[in-house]
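A.B. asks: Each chain, letter by letter, is given below.
2 protein chains.
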Amino acid sequence: MPEIRQNIATKEWVVISTERAKRPEDFKTTKEKKVLPEISEKCPFCPGNEHMTPYETYVVNDEYGKWKIRVIPNKYPAVLQEGTVEFKVSGIKRSVTGVGSAEVIIESAKHNVVLPLMPEKDIEQIIKVYRERYLAAEKDKRIKMVIIFKNYGEQAGASIEHPHSQLIAIPVVPFHIRYRIEEAMRYYDETGKCVFCVMLEEELRLQERIVVETGHFVSFVPYAALAPFHMWLLPRRHTESFGEITDEEITDLAKNLKLTLSKLYYGLDNPDYNFVIRSVPVNEKGKEYYHWYITIMPRLIKTAGFEIGTGMSINCSLPEDNARFLREIKIR
Amino acid sequence: MPEIRQNIATKEWVVISTERAKRPEDFKTTKEKKVLPEISEKCPFCPGNEHMTPYETYVVNDEYGKWKIRVIPNKYPAVLQEGTVEFKVSGIKRSVTGVGSAEVIIESAKHNVVLPLMPEKDIEQIIKVYRERYLAAEKDKRIKMVIIFKNYGEQAGASIEHPHSQLIAIPVVPFHIRYRIEEAMRYYDETGKCVFCVMLEEELRLQERIVVETGHFVSFVPYAALAPFHMWLLPRRHTESFGEITDEEITDLAKNLKLTLSKLYYGLDNPDYNFVIRSVPVNEKGKEYYHWYITIMPRLIKTAGFEIGTGMSINCSLPEDNARFLREIKIR
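Residue numbers (the numbering used here), protein chains in the order written: chain B, 1 to 332; chain D, 1 to 332.
Isolated chain B, as found in the complex (with noise of 0.2 Å):
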């Protein structure tokens, strides 16, 4: 019997579709395997083609003094730096002027490495930059929320090869944010525990859907996953802001994070994927009951007519299925 699960926190619906169900290995991607050259002639994040983007706003060399991870501006950015929020209402007309920030995050000069297989080290100096520049977005006071994230893959929206993530700042809360915080309220008002805490303690117990646990951080496929693979990777401590992530949980989340992507990586033969850091809106601070974590979704699966229609998703595989193969995926 299918089963429809609903995820307590987010309050999602998925359709765990037994009958469409298949087995784990059954992901792997069969995509062409491109060999890609350390350095790229056109590509305009290799090193050598700088003038090809805007101008670097935050940079880390490394002990020879070249860039190792740069942060320009997007060429094509969603949002301008440059303006103030205007919210305009006319008739059935209503919008925001688009001001915020957009950036690019380059995370290596080199054109072929990838995220789960560089040292952890580097990762550490990526997810810093991250927080740096997280940091440096909020203080603006057009900004209400910052999202950063990675477009892994065509699949996953990704048009540049290069290893690059991303950082969005708008001056707006969408609806789907406000839900799920005013979900969380509510449940910290009836219980007096934040619901990802408890989810977390929850999955913990039970071990069945697993995949990393680190000092500091713990990754696992939620009950409720919304598609094939779909993980959550949560801090131990309760914080509801990404930005007050500290230099030794930073260390664990590389290892986390590393060992999380790796997993993915070898299990599943270099599946294309977005990860989302998911923090709370900048005004909302202090909250006791939201709790920031990273959302990780393979792209293996076509959403259709139905997941329009109705919001909800159907999952052709099984939460538990999906972490055990990934546990049993073992990583040097």
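Each hint should be verified, as a subset may be incorrect.
No copy labels: a pair is met if it fits in one copy or bridges any two.
In silico DSSO-like pairs for lysine-lysine, Cα to Cα no more than 27 Å straight-line [stated by the list, open to error]: (1) K88 <-> K34; (2) K302 <-> K11; (3) K141 <-> K193; (4) K302 <-> K22; (5) K34 <-> K110; (6) K11 <-> K193; (7) K141 <-> K11; (8) K302 <-> K42; (9) K88 <-> K193; (10) K42 <-> K11; (11) K139 <-> K285; (12) K42 <-> K287; (13) K287 <-> K93; (14) K302 <-> K28; (15) K42 <-> K28; (16) K302 <-> K287; (17) K285 <-> K193; (18) K285 <-> K144; (19) K31 <-> K68; (20) K285 <-> K11; (21) K11 <-> K144; (22) K302 <-> K110.
Everything labelled a hint here was simulated from the structure, so no lab data went into it.
Got chain B sorted already, so can you dock chain D onto it with the hints?
C.D. replies: This is chain D only, laid out in the frame that chain B set:
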């Protein structure tokens, strides 16, 4: 300056990204043109292969007694017909048994026809079958929502190329739908009007985003279109449930849908798309503040981390340009 627009009815935000904007003609698909046979030997939906599918629940025959439209239970159903609705709550786990119905509407005996090129009369018959199956599904006391949708092409999640659409009836109302209804109710309580009727009236007055007007229906690119060429097709008459559509309205809907989809077909070289009939939940009938409609979503772009993290969209085209482009396409 990019503009972040909000849909007055759904409250969805979308970044209308002028910096990334493409011209309407840039969205023409480049997919390989396949010439399909009228009958495909291996296709489970083709005549002669009826034994490859479950037994039909409904059928429309032509004048020679051969089937023209065939409704079958989905062989790989998301939800199962047999069973009782049981909610389970235990710790962080919340679920309901996956009961309901999942049907496939085979739109034609011919493997190689496409909906926009079918005669109006045939489309009319298909919509009559939609209504028939919608009303049948609604009668089931276990059902809370009925979704009818079409996935056309691989990008839209279709796995079989034979022309077909689907019906899924589920025992829960997802929050995505609850939220829309709540917003529509709030608008009604404040103004005494259906927000969808107001939107339609205003779009007709402005004439900026209209695509096709017929006697009973209007298609337009919404002011806050979520993606390039995203369209809404609304009945002029205020009705909250698709099940209430009259025969006369069906005749007109066939005409409008054919024209609207033809403009996509000719204008963008036969793009993949989904459409969904969005109707009120079964137990919410008689509401004065909700309005059923069809959402048409061409699958021309990929969603990425920003969309996952915010629930917002980035539309790299201007709704007014999209609508003008489609209006100017002449259909014989």
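A.B. asks: All hints, please: hold or fail.
C.D. replies: Each hint, compared with the structure:
1. In this homomeric assembly, K88 and K34 never come within 27 Å of each other (Cα to Cα): the closest approach is 48 Å inside a single copy and 47 Å across copies.
2. When the C-alpha separation of K302 and K11 is checked against a cutoff of 27 Å, the pair qualifies both within a copy, at 22 Å, and between copies, at 25 Å.
3. With identical chains, the CA atoms of K141 and K193 are never at most 27 Å apart, being 31 Å at best within one copy and 37 Å at best between copies.
4. Taking the closest pair of Cα atoms, K302 and K22 come within 27 Å of each other both inside a single copy (15 Å) and across two copies (24 Å).
5. Taking CA atoms no more than 27 Å apart as the test, K34 paired with K110 passes inside one copy only; the shortest distance there is 15 Å, against 40 Å between copies.
6. When the C-alpha separation of K11 and K193 is checked against a cutoff of 27 Å, the pair qualifies only within one copy, where the shortest distance is 17 Å, while the shortest distance between copies is 30 Å.
7. Only between protomers do K141 and K11 lie at most 27 Å apart by alpha-carbon distance; the minimum there is 24 Å, versus 31 Å within a single protomer.
8. Taking the closest pair of Cα atoms, K302 and K42 come within 27 Å of each other only across two copies (23 Å); inside a single copy the shortest separation is 31 Å, beyond that limit.
9. Taking the shortest Cα distances, K88 and K193 sit within 27 Å of each other only across copies (22 Å), while inside one copy they are farther apart (39 Å).
10. Taking identical chains as interchangeable, the C-alpha atoms of K42 and K11 are never at most 27 Å apart, the minima being 45 Å within one chain and 41 Å between chains.
11. When the C-alpha separation of K139 and K285 is checked against a cutoff of 27 Å, the pair qualifies only within one copy, where the shortest distance is 13 Å, while the shortest distance between copies is 48 Å.
12. Taking identical chains as interchangeable, the C-alpha atoms of K42 and K287 are never at most 27 Å apart, the minima being 46 Å within one chain and 58 Å between chains.
13. In this assembly of identical chains, K287 and K93 lie within 27 Å of each other by CA distance solely across copies; the values are 25 Å between and 33 Å within a copy.
14. Proximity of K302 and K28 under a CA criterion of 27 Å is satisfied in both settings, with 15 Å inside one chain copy and 21 Å between copies.
15. Taking CA atoms no more than 27 Å apart as the test, K42 paired with K28 passes between copies only; the shortest distance there is 26 Å, against 30 Å inside one copy.
16. In this assembly of identical chains, K302 and K287 lie within 27 Å of each other by CA distance neither inside one copy nor across copies; the values are 36 Å within and 34 Å between.
17. Within a single copy, K285 and K193 get their C-alpha atoms as close as 17 Å, which meets the 27 Å cut-off; across copies the closest is 37 Å, which misses it.
18. Within a single copy, K285 and K144 get their C-alpha atoms as close as 11 Å, which meets the 27 Å cut-off; across copies the closest is 38 Å, which misses it.
19. Neither within a single protomer nor between protomers do K31 and K68 lie at most 27 Å apart by alpha-carbon distance, with minima of 29 Å and 38 Å respectively.
20. Taking the shortest alpha-carbon separations for K285 and K11, both the intra-copy value of 22 Å and the inter-copy value of 24 Å come in at or below 27 Å.
21. Proximity of K11 to K144 under the C-alpha cut-off of 27 Å is found in both arrangements, the shortest distances being 23 Å within a copy and 17 Å between copies.
22. In this assembly of identical chains, the alpha carbons of K302 and K110 lie at most 27 Å apart only when taken from different copies (26 Å versus 31 Å within one copy).
In terms of the numbered hints stated before, the structure departs from hints 1, 3, 10, 12, 16, 19, listed from lowest to highest.
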